[in-house]
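With the hints as constraints, model all of the structure from the sequences given.
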Amino acid sequence: MTVSAESARELSALWGFAVPSTPGITAPEMVLACERDELDVLYLDGSNFLDVMPDPKRVEAALARVPLRVHQDIVLTSQMFIDGDDVILLPAATRYEQEGGGTSTTTERQIAFSPEIVSAPGEARSEWRIFSDIAVRMNPKLAPHFDWVDNQTLRTEIAGVVPMYAGIENLSKTHDAIQYGGRHLCEGGQFPLPDGRARFTNLDIAPPVLPDGAFFLSTRRGKQFNSMIFNEVDPLTGATRDAVYIDHRDADALRVAEGDRVVLRSDVGSMNARVKIVALPSRSVQVHWPEGNVLIDAGINEDASRIPDYNAVVTITKLNEEVKS
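For reference, each letter of the sequence shown is one residue, going 1 to 325 in full-length UniProt numbering.
SDA-like cross-link-like pairs, simulated, lysine to any residue; straight-line CA separation at most 20 Å:
hint, residue 1, residue 2
1, Lys173, Thr105
2, Lys318, Arg249
3, Lys173, Glu97
4, Lys57, Ile82
5, Lys173, Glu99
6, Lys318, Pro211
7, Lys141, Trp128
8, Lys318, Val278
9, Lys318, Phe216
10, Lys141, Pro20
11, Lys173, Thr106
12, Lys57, Tyr310
13, Lys318, Gly213
14, Lys173, Gly100
15, Lys173, Val149
16, Lys57, Arg36
17, Lys173, Phe113
18, Lys318, Glu258
19, Lys318, Val263
20, Lys318, Asp250
21, Lys57, Arg265
22, Lys318, Asp242
23, Lys57, Asp37
24, Lys318, Asn272
25, Lys141, Ser12
26, Lys173, Ser104
27, Lys57, Asn311
28, Lys57, Pro67
29, Lys57, Ala33
30, Lys173, Ser114
31, Lys173, Arg109
32, Lys173, Gln152
33, Lys173, Ile158
34, Lys318, Ala257
35, Lys57, Val87
Cβ-Cβ distance ranges computed for the label pairs, FRET-style:
hint, residue 1, residue 2, range
36, Asn231, Leu68, 31 to 37 Å
37, Pro121, Val268, 39 to 45 Å
38, Asp309, Gly238, 26 to 32 Å
39, Ala279, Glu60, 32 to 38 Å
40, Arg255, Ile74, 44 to 50 Å
These are calculated hints, taken from the structure and not from any lab test.
Beta carbons are placed, not taken as given, at the ideal position from N, Cα and C, and that holds for glycine.
Have a look at this one:
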């Protein structure tokens with residue numbers, strides 16, 4: 001559902017409190033707000049800003065400024081250990097341990113039901129229970145709007161609030177699933193625009209202009225998925241976490257071999273890396289994240305999505321040459 005004045009009014013009437021009609025702030029904007037002391041409370045449900053955001057030292061300093069930080073997650077993460085005035089940890093159950101079962105959405109738009117696995121450890125609780133309790137304690141008058149008896153009640157409310165998710169209220173056992181939007185989106189060539197027609201735009205994207213001896217660096221976000229990013233050795237390539245992937249032609253020009261230690265430098269940081277020779281376009285290199293985040297400029301964000309530009313222009317120097325200089 002798109003946030004608008006109309007949709008905000010509808011939700012406000014449904015839930016009994018004023019729902020903002022403007023979008024919330026993005027993760028980069030949260031870090032900036034922390035730096036400016038504009039936040040009294042930062043509530044982080046999952047993720048790890050120290051791992052996913054550019055310039056981790058800046059992120060650490062920013063989060064330390066917030067008077068109260070609340071971290072809700074299924075595991076311990078490094079951002080939880082940043083010093084602060086008050087830091088609260090809320091252990092959450094995994095998606096498979098949600099009271100009354102839970103749902104997840106696949107890349108094929110399938111909303112699939114997973115029955116509850118009764119094994120949540122210690123004080124871990126269903127996330128929807130945590131949010132409900134916090135909302136009611138912050139404003140007891142809202143209790144009737146958060147009095148879900150069980151997860152089934154919550155799914156029924158979702159179906160009423162989000163028309164596209166209609167059918168989620170009927171999911172109750174293994175293999176139950178619905179595909180939101182139907183089997184094909186925009187079936188029959190009808191698109192969600194005033195005239196029903198799609199819009200195509202020609203873009204003339206100029207390749208980056210690289211200074212002599214420089215390389216275009218990208219972080220391998222498309223090549224790391226879920227738990228793979230936590231491995232010390234990439235099971236697909238055999239590369240270590242500190243690897244820099246480079247084409248053999250560029251490696252020859254730099255006079256470096258597989259396994260050599262090098263230093264990567266951008267305008268904002270540096271990283272020691274180990275050469276991994278692969279097939280890549282000339283003058284293009286890749287590194288893993290979060291290790292490579294030190295090379296990324298936190299001040300460059302895409303205008304529409306406000307997502308950081310996880311690319312950089314770097315120079316590469318062999319480590320023993322760096323020491324000599």
